[in-house]
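> Residue numbers (numbering that gives the first Met the number 0), protein chains in the order written: chain A, 0 to 813; chain B, 0 to 112.
Under the rule of at most 20 Å between Cα atoms (straight-line distance), these lysine-lysine pairs were calculated in the PhoX-like manner:
no., chain 1, residue 1, chain 2, residue 2
1, B, Lys53, A, Lys609
2, A, Lys609, B, Lys28
3, B, Lys53, A, Lys560
4, A, Lys609, B, Lys32
Simulated DEER-style distance windows between Cβ atoms:
no., chain 1, residue 1, chain 2, residue 2, range
5, A, Glu384, B, Gly89, 54 to 62 Å
6, A, Met594, B, Lys53, 18 to 26 Å
7, B, Asp40, A, Phe343, 31 to 39 Å
8, A, Glu489, B, Gly85, 14 to 22 Å
9, B, Arg42, A, Thr576, 48 to 56 Å
10, B, Asp40, A, Phe112, 51 to 59 Å
11, B, Arg107, A, Arg344, 50 to 58 Å
12, A, Thr576, B, Gly89, 47 to 55 Å
13, A, Gly387, B, Glu88, 55 to 63 Å
14, A, Tyr57, B, Ser16, 43 to 51 Å
15, A, His719, B, Asp87, 43 to 51 Å
16, A, Glu489, B, Asp40, 22 to 30 Å
17, B, Arg42, A, Glu384, 52 to 60 Å
If you are wondering where the hints come from, they were derived from the structure by calculation, not from laboratory data. Each residue gets a CB set at the ideal place from its N, CA and C atoms; glycine is no exception.
What follows is the residue order along each chain.
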Amino acid sequence: MSREKLVIIGAGMAAGRFLEHLLDANPDAYDITLFNAEPRGTYNRIMLSPVLSGEKSYEEIVTHTDDWYAEQGITCRFGERIISVDRANKTVLGEKGIVAYDKLVIATGSSPFIIPMPGHDLSGVLAYRDLEDTNGMIDACQPGAKAVVIGGGLLGLEAAAGLRLRGMDVTVLHLMPTLMERQLDPSAGYLLEKELADRGIEIRTGANSKEIYGDGKVEGIRLEDGTDIPANLIVMAVGIRPSIAIAKEAGLDVGRGILVDCKMKTSDPSIYSVGECVEFEGNCYGLVAPLFDQAKVLANALIAEADDTDFVHSETATKLKVTGVDLFSAGDFADGEGRDEIVFRDPARGIYKRLVLEGDKLVGAVLYGETADGAWFFDKIKKGEEIGAEDRATLIFGQSYAGGSPLDPMAAVAALPDEAEICGCNGISKGQITQAIDEKGLSDVEGVRACTKASGSCGTCTGLVESLLAWKLGDAFAAPAKNAVCGCTELGHDEVRRLIVSQRLKSVPAVMQELSWKTSCGCAKCRPALNYYLLASWPGEYVDDNQSRFINERVHANIQKDGTYSVVPRAWGGVTTAAELRAVADVVDKYDIPMVKYTGGQRIDMLGVKKEDLPGVWADLNEAGMVSGHAYGKSLRTVKTCVGSEWCRVGTQDSTGLGIKLEKLMWGSWTPHKVKLAVSGCPRNCAEATCKDIGVVCVDSGYQIHIAGAAGMEVRATDHLTTVTTEEEAIEMCAAVLQAYREQGFYLERIYKWTARIGGAEKVHELIVDDVENRKALFERFKYAQQFSQDDPWAERASGKVDAHEFKTLELVE
Amino acid sequence: MDGMAPFERWFDICELSDIPVRGSRRLEKDGMKIAIFRTSDDRVFAVENRCAHKGGPLSEGIVHDCAVTCPLHNWVYDLSTGKAQGGDEGQIRTFPAEVRDGGRVHLRLAMAS
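If we strip away everything but chain B, and leave its shape as in the complex, we get (with noise of 0.2 Å):
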């Protein structure tokens, strides 16, 4: 996976309601490990499920406002830019995602390679 797959589409992935707020869930896809993030204000975010320092699991972390706090050593994304706050630097890969009428979650991925 280099990030410029060729071909991308938006999949429906699932109701808002199966996602807690403040909440997270997971789902692979071609062997990629994304987190998707329901936030207080129910806007949902998806980001490779992978923390830049170690690899923690984020979508294990405690979600606050727009961010997410990994489980394994306390680093802060948010999840809009993908970006790690406060004095921490990385960067994890961040996918399209909306909620659409009738409050289906949609993810925009990479067509199946």
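This is chain A alone, in the form it adopts within the complex (with noise of 0.2 Å):
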């Protein structure tokens, strides 16, 4: 029997939940067909505002991946937009062709509303609604570039906070008096405009645009009181409509919004619609919890055995997803007749509460600066629990006060009823939390996401899914397992990397600053990491920190047991000459050093030199024209190479003469982690090059570019990356190879593990062999940054200018 087909028009957030509930039911039901005019699948929308401020990225939000939708035997055209609807035929029109159905979901969403003044169509001016949107944005964000934002809602305030941490000058431009005006009263929007004030957002309430002016692109904005604010940027965040063209020119009963049932069916029986272009009842829905419980709804009406619930209205809270603001509010806080308030305000804390009662129910709840307590709240208000004249005097001060137990997290979820709200976005209870952990054995917030879709959506319960998991599991709940740098932060190296580059900061106290270390000046683990990725994104700029340095990059020698030192100088491409060898010999018998070795990178290692001897063996070398080696750094360490087609009599390029270049390109830069190199003149590979970070094997036709190899505690054959026909492009390929591992590698992270990550040699192929402009692009900025990186640091030190201290022992004068 052939299955009915489910035709599906929009793929945002209450379409994907939709499916994986209807696939939960039953996976065999239907056939189904995806559009999206969004060249991509489901996204977490919420989440576009963290990616704007550079807290996340893009992958980290998407939340039905192709994967999802292959495995699931979903048709997918992403991309493609629905012209028309045809119901007496029950078919639809998309822009490659036209699809049966036998139940249509329309789910189009709704469109940003743009201000239809004169200039609004000029190049800069954008909405903030999707991927593309925030992409925009984020390019413009260059520094000392301006944005004015038109809307101090929820959507325009959190553009607003992102394009500030991204270094813009920022304006917000505002009709109403105050801010959020729907979700606050006078006094916690009072609260936080001075909050964004102090964030360097300039805030301009009752302000009435009048014209945006440029020529071809923004220039500025203009308003009706004559002033004038230069931009580069104008994002208007003004609100919403639901889109409801397709429906309404298929001849389907619309309002503001297309009109459903309880069930979510419209006027047409086969015609079913959910989301933000959905109006019941007279009401249009912008926040996620409601449009989750549509989604659940609309699931068990298409599955016949599961329909036995109905949408019904329900009251919303809010939550601002500003980093470092705590906002919350839920339910409704106008003044009126018989209703009373009860405010509580700390103005050294930049605390404010307000409740609103009627009659002995709570009806509304304004929190800012604290917001622990605004589930509880929330519970009053949804519950309509009456408060009794004792409770009421203690209210204000929330339930930790109410239930007489300690401030303390876990004592306030142990407190919390069953039925107490603790994920807004997805209507999950503390029951249906603690229900899953002992069902399903659960121990970590992951667990419980991926069994109920608590703190899945805006993520704003985690800490309390946390709690949830400690008060149940006790010793057995393992605290988040996050790959935190050290034990003086939180976060990991890659929220750390992009922080440091969207906020940018340029020095490890801004960093420990603005990312809340916990500890004054941080420990011997992230010091290093932090330096390194300062030096990394902002060559030229940062200021090396040696005293965040390892003592082997801090005094530019390898420490060995006994405290002594060892001396590499660098042989390019592992060739010498009779006056370096000479050299070498004399210092080695100057200075009294005990040991000369060679070391497996084809060059001279002179063992056991005190360290008040460095600078001195140093000055000898370099007379003779040797430099640093890096044997000690987290750099570039060797070319390692075989003679080529210079003698061998094999050899089919000039694979010394190659690795040469090579080592004279990236000599002294700083890396994740060391990197070797070698170049092999022909296949059978005498430089071992398949065993190296990167490695070149030449053949007649050219060049073989080899990455992510190993050959230390693990053991790995690199992977062929491409084949290259010119030495130019060869070393075009290798320095961008090491450049976007500069840029994206952990620190103490090998090119192999790397690679690893961010999804293996494939993935590097894409960014570099296929992307040519980015490869380009990752070409340049290596070479800007070795301007700044090719000075011997040796001979900087032999000269007794530069860290002298290091060298030289106290005298004692007695």
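Assembling the complex is the task here: the two chains are given apart, and the hints tell you how they should meet.
Encoded structure:
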């Protein structure tokens, strides 16, 4: 029997959730085709703000991957718009053809409202709705560039905060006298305005925009009162409108949105609708919680045997996702007859709380600065709980006071009733979470997220879910096993790297301050990592912090077990001369160096040099033209070569020459971990290039580029990245790989580990071989950074002008 | 050296600025190797320059808060007590150290033997 055909228009969050419920209930019920105007599947739109501010990457907010759709057997037509719906013949017409349906779901969502003022169509005027808008804003973020955000609501303020974090000058224009007037009362609006102003965001309330001006591109905006504000970017965030054009044209009943009944059915019994495009009993919805309720109702309605739920209108609570701003509001908090309010203020700590009661029931709550009791108040509002006279006296102090229990988060969750809502976005209660923990044996947040969806959307309840786990499991709950850099921070390497760039942090103290380090000046783990990230992110600007470097990199020699040092000069491509060898011999005699050894990387190592002797040893080696080999650094080590076509009877190319060119280009470069290269002149591979971080194997027709080898604790043959025909291409390719690694690698992560983490050699191929423009840009950035790193550190120190204190002991005068 | 030298006195060692912030200097006294550290808040500490684990030179380690991490195997010592931190057990000798007015670093050491 052939399955019924289900066509879905739109792959937003409501559609994504609907599909999950539907497939959970019966994976085989329908043959599904999913259209989406955006060229991608479902992602967590709520989290675009952290993407804008640089706190998250797009990849982290994708909820449904291509693999997921493939596994579910869904036919995806992403990037294709629907032109019309033919209800008589039950077909939809897409840009690429007709598809028939038995059931149709319209999930077209909403579109941002663009004020039709003069100049609204200029380049540089954006809405804030999807990934394209977000990327458009990120692209516009140049230091010193100016942005104007029209609209001081939830979305506008998140956009403003994100743009500010990326270093733009931001002005917010808001028509009303206070910010977020629909969710906040004037007092909380004022505190919010002050907080944002402290962050350098200019807020103009009561501002009526008149026209946007510019020649083809935005240059500024003029207000009704004549004020002129220059801008390179204007973001309109004044509201959304349900997208109903397709439904309307198809002759479905529409109001502000597409009219549906409590089963999400439209006026045509074969057509359903879900999400922000829907109007139910006069209400349209813009927050995610009710949309997820709709998704569940719709899935049940389409699976006959599960059809036992109705959609009902319910209250929603609001939270602002701006890091460091705690703000919560729920219910109705307008003044009115028969209403009382309870207010608590602590100006010094910037805390404001206001509860609105009608008779003996709590009907609204606004919390600013301290929102831990939000869920508890919201629960009382939704249940319409009666507040007794005694409870009323202490109500504002929240749950911990009411319960008489101490102020610790675990006791707080323990005291919550089972019905208390933990995850507002997904409507998940404490009872549902604890039940899932018990029944499924869950032990971490990821597990709870996977089973119940709690904390999977905006993420602000993650802490509550963790507390619940800790309360249920006791010691068995391992605190979030996040890959933090070290004990000084909760942040992982990826977040630290991204925030350094997005927040333009340019010193170790700035990173520690802005990213809330828990120690005053870090530790031996995080300081070298931060120093490297800053160096790699801000070449030519960041001043290397010597005291954040491991001793070897601080004194440019390798410390040995007895406290002496070893010295390895560079031997370009493994080649040396009689003069160099003579100089080495003289140095060994002069400073009585106990051991001389060849390294595995074709160089000479002098071991057992006393620290005080280092500058003298270096001066003598410099004299003979030798420089530091960086054998001590997380940096370019050796470029090993064989003799190649110049001497070898089977050599195909000048491998020695290419090795020297690569070493001359790359020496002095700091990297996340050490980097070793090799160039072999033919596939016999005498230079062992196929176990190096980057290896080149010459062949008759050109140069094979290999990456991600290892020959240490782990042994791993390289992956063949590509083959190029000229030496120039080989050099560009190798340098681009090195620069990508410098920009993305975690500190102490070798190239093979970085490659594995980002998706294997195929991913590197995509980034560097396929994307020519990216490769060229990486190569340019590498060359730019190298300008600042190719001074011989030995010569600087041998001169006595740099770090002289390192090599002299103090004298005791008696 | 048994640590119970009969007579001690303060020695004027160097300027505070002779020691880099979060850095160190080395000093030798009657065969005893001493490391003097300056922390980020400009306090100074002096300890025997020898890790209790494998004798590593602590003067070469990274200084953080009031602690130093040995460059050889990452043992961490509290500079004020000389006690190894974390899971490691060990004690190194400490010497009283002060910055006196005028920014001179003083150490209290045994008189010449």
